[in-house]
Structures are given as C-alpha cells and as structure tokens.
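S.K.: When you line the sequence shown up against the UniProt record's numbering, it's residues 1 to 157, in that order.
In case anyone wonders, no lab produced these hints; they're calculated from the structure. Mixed in with the good hints, there may be bad ones.
Result set (PhoX-like, lysine-lysine): computed pairs, CA atoms no more than 20 angstroms apart in a straight line [stated by the list, open to error]:
{"#": "1", "residue 1": "K80", "residue 2": "K113"}
{"#": "2", "residue 1": "K5", "residue 2": "K55"}
{"#": "3", "residue 1": "K4", "residue 2": "K34"}
{"#": "4", "residue 1": "K5", "residue 2": "K113"}
{"#": "5", "residue 1": "K5", "residue 2": "K34"}
{"#": "6", "residue 1": "K80", "residue 2": "K54"}
{"#": "7", "residue 1": "K34", "residue 2": "K54"}
{"#": "8", "residue 1": "K34", "residue 2": "K55"}
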Amino acid sequence: MSAKKILDHLYLGDRHSVPENAEIVISCAEEIYKEQQIKIPVKVDNNDHFWSDKKHVYFNFKDYPTFQAIDINSIIQVLKIIDNNIRDREIYVHCIWGINRSAAIVFMYLVAKGYLNTEDFDAALEGFERLYPYIDPNPGWFDFLMSEFPYTHLISN
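Please construct the entire structure, taking both the sequences and the accompanying hints into account.
M.R.: Laid out in structure tokens, this is it:
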C-alpha cells in the first residue's frame with residue numbers, strides 16, 4: 001500500500017512507501033523489529049516491545065496475535081508518540097503491507113481523538129474505510145479493536 005495522507009502530518013502505508021518528508025517513521029511489525037535486531041544487535045534499553053533510533057521507532061507487534069497477546073503498554077506508547085508529535089512533525093506509520101497492524105493503530109488514534117465516531121464501532125470502521133479502504137485487521141487485532149473501543153483510555157495522559 002503506497003503512503004496515504006490520513007491527517008495533516010499523519011501518513012499510513014506499507015514498509016516500502018516511506019514518504020521522503022517523514023520525520024518519524026513508526027514500524028508496527030514484529031518482522032521489521034527482528035530485522036533491526038540483526039542489523040543492530042546491541043540495544044540501548046531492555047524493552048522487548050519497541051526501540052528507536054533518531055528517526056525510527058520499531059514496535060514488536062505480531063501479525064497474528066491472540067487478543068490477549070497484544071501488549072497494551074506498547075499500544076499506549078505508539079499512540080502517545082503519534083499524539084505528542086503530530087502537530088509539528090511528519091509521521092509515517094507502517095507495518096509490512098499497511099493493512100493490519102499499522103492501520104489498526106491509526107484507526108485507534110483517529111477514534112480516540114474524535115476524528116471518527118466514538119459511539120459506534122461499526123460506524124467508526126466505516127468512516128475509516130472511506131479514508132483508508134485497505135484496512136483488514138487479522139482476528140486478534142480485530143478483537144482488540146472491538147473490545148477496547150473507543151480507545152480514549154489508551155491515549156489519555
């Protein structure tokens with residue numbers, strides 16, 4: 001999925017479509033997280049769920065997790081990174097194909113911030129599909145999206 005502008009300063013897509021103007025690149029894929037561990041085997045922290053360099057933040061989100069296996073603290077962290085930077089930095093969020101993990105994260109952000117319906121999950125998802133028709137969360141992610149809706153508890157400080 002090529003990069004698609006979702007909001008001012010917020011883009012979503014696949015791993016190969018990072019816009020040139022992206023100042024923060026958020027990877028939401030376990031596979032990319034593990035690739036980076038091979039390339040740069042020494043991490044500066046002990047966090048097993050994410051790490052970052054100057055431009056990138058790598059999250060260890062599985063493609064097919066069970067609902068219970070999704071680390072809620074990592075979800076909170078990625079939403080905070082978006083929220084703390086969206087006003088003045090170009091942010092690109094991706095996973096491998098841009099349809100499951102990254103799309104779920106951006107969907108949660110838009111709902112939590114009131115850009116999409118906060119009362120009805122189906123209406124919110126329909127609204128997001130009009131913006132980004134490629135969203136297709138795998139079962140664990142879909143269950144997480146349904147059960148945690150409307151996500152405001154994941155983004156409040």
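S.K.: Given the hinted pair K34 and K55, is their alpha-carbon gap at most 20 angstroms?
M.R.: 17 angstroms, holds
S.K.: Has the given pair, K4 with K34, been kept, meaning a C-alpha gap of at most 20 angstroms?
M.R.: 25 angstroms, violated
S.K.: Between the alpha carbons of K5 and K113, is the straight-line distance 20 angstroms or under?
M.R.: Status holds; Cα separation ~17 angstroms.
S.K.: Take a quick look at whether K34 and K54 sit within 20 angstroms of each other, Cα to Cα.
M.R.: The given pair, whose Cα atoms are some 18 angstroms apart, holds under the 20 angstroms limit.
S.K.: Do the alpha carbons of K80 and K54 lie within 20 angstroms of each other, as the hint requires?
M.R.: 17 angstroms, holds
S.K.: Check the hint pairing K80 with K113 against an upper bound of 20 angstroms on the C-alpha distance.
M.R.: Satisfied, since the Cα-Cα distance of roughly 11 angstroms is no more than 20 angstroms.
S.K.: Is the Cα-Cα distance between K5 and K55 20 angstroms or less?
M.R.: 19 angstroms, holds
S.K.: Does K34 sit within 20 angstroms of K5, going by the straight-line distance between their CA atoms?
M.R.: Violated - the C-alpha atoms of K34 and K5 are around 27 angstroms apart, more than 20 angstroms.
The structure does not agree with the numbered hints 3 and 5 stated previously, though it agrees with the rest.
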